[in-house]
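Asks: The primary structure of each chain is shown beneath.
There are 2 protein chains.
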Amino acid sequence: MSEQDPLVIFTPSGKRGRVAPGTKVLDAARALGVDLDSVCGMRGICSKCQVAPGVGEFSKHGVTVSPDALSPINAVEERYDRVRGLKPGRRLGCQAQVLSDVVIDVPPESQVHKQVVRKRAEVRDIVLSPTVSLSYVEVAEPDMHHPSSDAERLLDALKAQTGHDDLDFDRALLPSLQKTLRAGKWLVTAAIHDDGAPVVVALWPGFYEGKLHGLAVDLGSTTIAGHLVQLDTGEVLASSGLMNPQIRFGEDLMSRVSYAMLNEGGATEMTAVVREGIGRLVDELIEEAGIERGSLLDATFVMNPVMHHLFLGLDPYELGQAPFALAVGSAQSCKANDLGLDIAPGTRAYVLPLIAGHVGADAAAVALSEAPHRSDDLALVVDVGTNAEIMLGDKTGVLACSSPTGPAFEGAQISAGQRAAPGAIERVQIDPTTKEPRFRVIGVDLWSDETGFETAVAATGITGICGSGIIEAVAEMRMAGIVDPTGLIGSADQTGTPRCILDGRTHSYVLWENGDRQITVTNGDIRAIQMAKAALYAGARLLMDKRGVDSVNRVVLAGAFGAHISPKHAMVLGMIPDCPLEKVTSAGNAAGTGARIALLNREARREIEGLVRKIEKIETAVEPRFQEHFVAATAMPNAADPFPLLRGVVTLPEVDFNTGGDGAGGGRRRRRRG
Amino acid sequence: MSEQDPLVIFTPSGKRGRVAPGTKVLDAARALGVDLDSVCGMRGICSKCQVAPGVGEFSKHGVTVSPDALSPINAVEERYDRVRGLKPGRRLGCQAQVLSDVVIDVPPESQVHKQVVRKRAEVRDIVLSPTVSLSYVEVAEPDMHHPSSDAERLLDALKAQTGHDDLDFDRALLPSLQKTLRAGKWLVTAAIHDDGAPVVVALWPGFYEGKLHGLAVDLGSTTIAGHLVQLDTGEVLASSGLMNPQIRFGEDLMSRVSYAMLNEGGATEMTAVVREGIGRLVDELIEEAGIERGSLLDATFVMNPVMHHLFLGLDPYELGQAPFALAVGSAQSCKANDLGLDIAPGTRAYVLPLIAGHVGADAAAVALSEAPHRSDDLALVVDVGTNAEIMLGDKTGVLACSSPTGPAFEGAQISAGQRAAPGAIERVQIDPTTKEPRFRVIGVDLWSDETGFETAVAATGITGICGSGIIEAVAEMRMAGIVDPTGLIGSADQTGTPRCILDGRTHSYVLWENGDRQITVTNGDIRAIQMAKAALYAGARLLMDKRGVDSVNRVVLAGAFGAHISPKHAMVLGMIPDCPLEKVTSAGNAAGTGARIALLNREARREIEGLVRKIEKIETAVEPRFQEHFVAATAMPNAADPFPLLRGVVTLPEVDFNTGGDGAGGGRRRRRRG
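Those protein sequences? They're chains A and B, same order as listed.
For the first sequence, the tail end lands on 674 under full-length UniProt numbering, and the numbers increase by one without skipping.
For the second sequence, the tail end lands on 674 under full-length UniProt numbering, and the numbers increase by one without skipping.
Looking at chain A on its own, in the form it has when it is part of the complex (with noise of 0.2 Å):
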């Protein structure tokens, strides 16, 4: 191009160059790589491609803009404003055309890869880069002289317009070619999945005005989260979540691993029954959302290994003992079909490659979401379920491993554990002088110290304590000198509280009472949660040990759990690693964000296969200072590590209820905290 071409720059890119005068706008975008959508064809019907051109002064820019830098509006154009509308200032990109030196600004909703912001300030925006986009093509009429079939001609039609050479064809899609191509009066619309075969996926007869949208399921042990997302927009039209049906073979993974081993056909009939409730929440999803079956052309899933295997259709027999064989961890690129889920005839599926025997496709979401591989500081992420997957890392690498932590968290194995229910107490505080505990209860607003509570909680009563509130309880009678850093409950002597009372050979602390009901906190629970907590800790500290640190720079709690820990009495028990208490933070459901990620990024897709073969994998059974830091983290916070950053915000009172008589081995670990 030559000086005397008129100069076109486009915001918000800045990008600009010279074009021949007469260039259209769609055409001068793609010369410098604007991103600019379009779907027709340029046949100025889908108003994908609409900008706002400015005139006048653009100082900025260097460039004065004259009011006829662009075409005067075409025939098209006033059929596209009278049919449709279209917003004042505001033209085609495919009908105007370029005549002198112009800024034109290409709005947000023009772009292909318009960015999703976050609301958390740590992690990256999505860019929105799906799968499958539209095209509007028309298509050549049959020729007896020059026989050709209608798929071919249409594949050449698209091929044309898209630039796709090794543009396929789903077979699925077959039958009813030749029906849409007739009533669409040879126009159609296709959608095309490109993940790295490009394939179309769905026809629809004209111009189809509908929105494309995808699936992403969280596959849970307990349950199933599932996530209707609008393509282009990124929007999540509706969410639905229901009980993984798997459990009446078993609460848990290893129960539904010795069901397929002791059942003939137990993995079969488990496969059976999550694929049916999957398509259950996608029927729900579709009709909440209000879409059309047909528009759901792409679905992303995560999940841990077992559940992988199972939903597979594979025995996860070997899931079951060391050395922990995963039969396929790739990620899984097919049909919806492949996976026994009747969406659309030409329906994708990606499932998230699984990181290694124990660490799952979820904790490679979570990957997705977190980005610990491009963290500047070392962060440690956690995902706390009944198997904790912990990652820590930076951009110089990551490892990751798997804990069993049991189902304590989740207030199982509690004596008045119970789900996160209305009615359970979740936050807990006990005043560190009279040792009186005070308690919210889900469901209600109010502490239970304060008026009204009485009233407000006659609703649901007070049922039990959830995964939180047995935290919060344990942490804060550690804090109140209710219990003694090897975990021992103190007697009411011991303790100055006559709500410590003896139970067994060991004693309770009664968190309410009310005449002959009582929600206490048992030696038993302590135990439980030391267990757990630990077993969360030893594994974090091997990564930390294989990384050769001491400590990280912030952690971040994944999971629906994670987000209601208190990062405060998570340290105090000292299931995470000493930090600035500032530094830990919730990432909410980062396992479903990660398979949304998956979902409207396709490069997102290759980051994660790539980084799941980088990860470093360590296989906590099988490493012995597992052992060791596990015994050290059975202390509150630990016999071992000294967390001085915590010690500096909160009081942890050195007592020691160990009379010598019970065994219970804290004089052992006092003395080696030296």
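The hints are simulated quantities; they were obtained by calculation from the structure and are not laboratory data.
Keep in mind the model is a prediction, meaning the values are calculated, not measured.
Accuracy of the hints is not assured; some may be wrong.
Stretch-level coverage of chain B by chain A, calculated; a stretch enters the list once three of its residues show a Cβ under 8 Å from a Cβ in chain A [stated by the list, open to error]: (1) 395-404; (2) 610-623.
The following label-pair restraints were derived from C-beta to C-beta distances [unchecked claim]: (3) B/264 x A/196: 47 to 55 Å; (4) A/321 x B/264: 52 to 60 Å; (5) A/553 x B/166: 38 to 46 Å; (6) B/113 x A/610: 37 to 45 Å; (7) B/264 x A/210: 26 to 34 Å; (8) A/321 x B/337: 26 to 34 Å.
Heads up, the beta-carbon is just placed ideally off N, CA and C, and yes, glycines get one too.
Assemble the complex: chain A is given as a structure, and chain B must be docked to it using the hints.
Replies: Just chain B now, with coordinates in the frame of chain A:
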């Protein structure tokens, strides 16, 4: 390699080169590009690489081979010989090392790309290069310190041994993967299908001793014929056929298309029954051949366009009307499961490409078998059936069309017509002087005027005339002056034989009578044959026009029916263009042969895919000259083309039985002969 290194000469290829002393024979073969098989990864188990080294003076090759040119028989070879036996003089190429100059013969059974010699001189042999091959590998055991899935380690082992870097694993094998690996103690045999994208399609624990098999199916409108083939030899182990169960929806294709149009779900119903039928055929073939079902890993299919669409689950509606648009016509490479066939979990299927809306994959298969595109002289290839598929071409190009001959050649529309079955008249001779006929009947070796015929025919009776019989009868009547060139049968007076009897307004010729039972050739029969043969000839003539020729060098008659047609009689009728009679040959079931070639040689698939694109397709329905050729071709042999070569060997009396009253129009046509 230096001149000091030993020289290795392989026979029969004659490939030669120097290798470092100690090089294994198999490695030497690979380095020199010699076709030497190997399955077991040089473990001395499969014996596929066995060779026969020579000793002594080889003046032809200019070397003298010492008895110790190869390393002594080693322990692996000794064990193989002891356990399984090795032919005298044979060595295992993966064990024997080259020490000095040597001549090594590769026996046919050790070659991957063996040639299957075909009986007919005019066609090429089939080179074996099947899509499926075996590979025996040792897979690394799982290691908790380096977690990776069983699938990944299996693929790693196979990639290393086969060099297929892009090898994939069929999802359908995943459920049995872990058990198979452990049953084989980490030694397994994999079957790899490679037709562009290599994929593991079957897996056996340990070394698989069996053979691999394939299926070639010719899916006709009337019958479905299948051949079960051993892939490493090309040998047909079992052949079977069944009536196409779709016949209950309509005898001919157009009535099936109508059924689909008139009945909701009719196409789906027809798809289901034909797939079921093929399923039964597969079961029969497996049982007859006595092979393991899991070894049947590839299948090829040929058929006409309507059967193609119905088999693929597509409504043939558009094929019932101009412009005869195919939904899809390109070769289909997929899983047998995708076509509703449950053979083995990994079995592949390949459907040959269609040529045009009327010219099917069966014609493509005929092209593969008869190879007009490789012919030095100009060949006309005709596949005779309800539709005739016609190809004309040589190395410089091929044209193709289809012509609607109707079912007359199959005995339908003929008054005494019947399918070719015992009791049917199949050959006819008429004495030109006495006008007396003699004939032969299917199931009897004697002619009707030979002693013992009456007794021999008693078992079946004389039940009617089959397709080849009616062609001979009409041609003999023409040569005996009983029917004139326009197709009019003369009266007893005109012909001088009382066998010509009045039959309504026209005459019939009594071929046989016994008491009150009679088999006659009516003038209506002659008309039906004239219409059918005129369509066939007009199609051929149209291709000759397009090619700009008046004659062809040779004619190939394909199809089961083509195998029974007498070239002379066909030419007397003017079914096929004039050419030396010895240049008219029968190709038998060339479509079935083409399906077998595509099964046995994967390069043939690329060849036919390329040829189908290059073939010039002629649509007879829209060619103005077709009608003109058709009218001229209703005369016998032809009202426009002189057939000089034919007239040089047979006498065709120029009788004329048109008395001006019956409007047969023969007079006008005769004048054009002028």
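Asks: All the hints need checking, so say for each whether the structure fits it.
Replies: Tested hints:
no., hint, result
1, 395-404, "violated (count 0)"
2, 610-623, "holds (count 4)"
3, B/264 x A/196: 47 to 55 Å, "violated (39 Å)"
4, A/321 x B/264: 52 to 60 Å, "holds (54 Å)"
5, A/553 x B/166: 38 to 46 Å, "holds (41 Å)"
6, B/113 x A/610: 37 to 45 Å, "holds (39 Å)"
7, B/264 x A/210: 26 to 34 Å, "holds (28 Å)"
8, A/321 x B/337: 26 to 34 Å, "holds (33 Å)"
Going through the hint list in order, the structure does not satisfy hints 1, 3.
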